[in-house]
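Since the structure of chain A is provided, determine the placement of chain B on it from the hints.
Each protein sequence line maps, in turn, to chains A and B. Last residue of the first sequence? That's 202 in our numbering, and every number before it is there in order. Last residue of the second sequence? That's 713 in our numbering, and every number before it is there in order.
If you are wondering where the hints come from, they were derived from the structure by calculation, not from laboratory data. C-beta atoms are modelled at their ideal positions from N, C-alpha and C, and glycine is treated no differently. Watch out, some of these pointers could steer you wrong.
[What the hints assert, rightly or not] Here are some chain B residues pointing at chain A (derived, C-beta under 10 angstroms):
#1 Y484
#2 V510
#3 R512
#4 V516
#5 V517
[Claimed, not checked] Residues from chain B shown here face chain A by an in silico Cβ test under 7 angstroms; the list is partial:
#6 E486
#7 E487
#8 D489
#9 V491
#10 V522
#11 P523
#12 G530
#13 I537
#14 S639
[As the list claims (entries may be wrong)] Derived Cβ-Cβ restraints for the label pairs, each shown as a range:
#15 B:L541 / A:S84: 34 to 40 angstroms
#16 A:R192 / B:E531: 20 to 26 angstroms
#17 A:E138 / B:P679: 42 to 48 angstroms
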Amino acid sequence: MELTDSAIVTKARLGDTDAFRALVERHSRPLFRLAFRMTGNQQDAEDVVQESFLRAWRQLGRFDERASFGTWLYRIATNCSLDVVRSRKRRSADSEVEDPVFALPSGDPTPERVAMSGEVRERVAEAMDELSAPERTAFVLRHFEGMRIEDVSRVLGCQPGAAKHSVFRAVQKLRRALEPLVSGAR
Amino acid sequence: MNHLSEEQLILHYYGEEDDGVAAERHLGECEACRALYGSVQRTLNVVDSLPVPERDAEYGERVWKRIEHRLPARRGVRWVWALPAPWRWAAAGAAFAALLAAAFLAGRSYPRQPAQLAADPQAGERILLVAVGDYLERSQMVLIELANARAPGALDISSEQERAMDLVSENRLYRQTAGHTGDAAVASVLDELERVLLDITHAPSRLSPGELEKLRQRLEAEGILFKIRVLGSNVRNQEGQTL
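Isolated chain A, as found in the complex (with noise of 0.2 angstroms):
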């Protein structure tokens, strides 16, 4: 039978390397999906994932065991994904040199590359980058990783209602953006 978390966390807690191991492989690709829709960017949401879960060993003396390990950690990699994206645009402001953010990945074309292609991939791309960090934050818990607000909240460490506004604010924001892009394909 396959251990809870919380069990497996308790363990961890102790020192038990093999414990944190078996988090590290249940949570790794979720993660990275996050880190991606949070980065842009396959490298920064490489190294999001990797230094979340160091994050997490070194703050396992911190969880409190009635939470959930899977929000905590979300917590962690939504922090580090910020730190990232905050950091990338200083240098990118110091340097001029282009923002990755939301830079496709390499490979064949697929259909939602094709879709995505040339100016309307640029101006998603555009539009996501203008949110605050709460707002990108929410929407990207929101809209890609399905959760509810209540949850959204839990792992912003805010009130529903925050976190409500703050996916409100994103919406808005991006229609706003991409309004002439939406309504030109209909």
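Quick look at chain B alone, frame taken from chain A:
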């Protein structure tokens, strides 16, 4: 029924509204709301189609191999927090003192150390200086808040701990950059700072008034924050000279 607001339509899209049936009925009757809802749907459908690269089933195993050797020994941190509170603060004070001594020396020697960059030394040095200056400022803010905190009972420092945790992660990047550019003194300060921040993140999330007061008095007596400010100022000055 009044028109649906954009917020209500967004909640409807995500199925989180209070009365979905009423919203659906209104959309069936109201062309204006239907048009607005269509716009929300089209926007989110476009955003939704951004592709995400897939990772195979062995991905978790590969992540583990990459981080396994980097996991710090947790026992090394635990012993500090197993100490009685006064000793714990003595240990924290010693860590602060070591940090400040290193920071002060780095601040004096930093301007005399040329950065070793291959391509564009001046631009590289400036980027590092901007990053380190900004980082020191934010680290200083966390320490100031802890030093100036007042509370009638136990003080919740979990927010400062969160920020310290973020700073630890950022620290790694700057420390590595400093190492690559040959700024050993800055790298050393950042290394020391990381340890202090780590100790803060591993502290209990609630401090008693006594523990807080001891920390405040120590920071004041040793002029720690002033010295950090001097280092930050040196870095900023140096940054100005590279422009």
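Against the structure, the hints come out as follows:
1. Y484: holds (6 angstroms)
2. V510: The hint holds - V510 (chain B) has a Cβ within 10 angstroms of chain A, the shortest such distance being about 6 angstroms.
3. R512: Result: holds, 4 angstroms to nearest chain A Cβ.
4. V516: Cβ of V516 (chain B) sits 6 angstroms from chain A, so the hint holds.
5. V517: Holds. Min distance 6 angstroms.
6. E486: holds (6 angstroms)
7. E487: violated (11 angstroms)
8. D489: With a minimum Cβ separation of about 16 angstroms from chain A (threshold 7 angstroms), the hint on D489 (chain B) is violated.
9. V491: violated (19 angstroms)
10. V522: holds (5 angstroms)
11. P523: holds (4 angstroms)
12. G530: holds (3 angstroms)
13. I537: holds (5 angstroms)
14. S639: Result: holds, 6 angstroms to nearest chain A Cβ.
15. B:L541 / A:S84: 34 to 40 angstroms: violated (22 angstroms)
16. A:R192 / B:E531: 20 to 26 angstroms: violated (44 angstroms)
17. A:E138 / B:P679: 42 to 48 angstroms: Since E138 (chain A) and P679 (chain B) have Cβ atoms about 55 angstroms apart, the given range 42 to 48 angstroms is violated.
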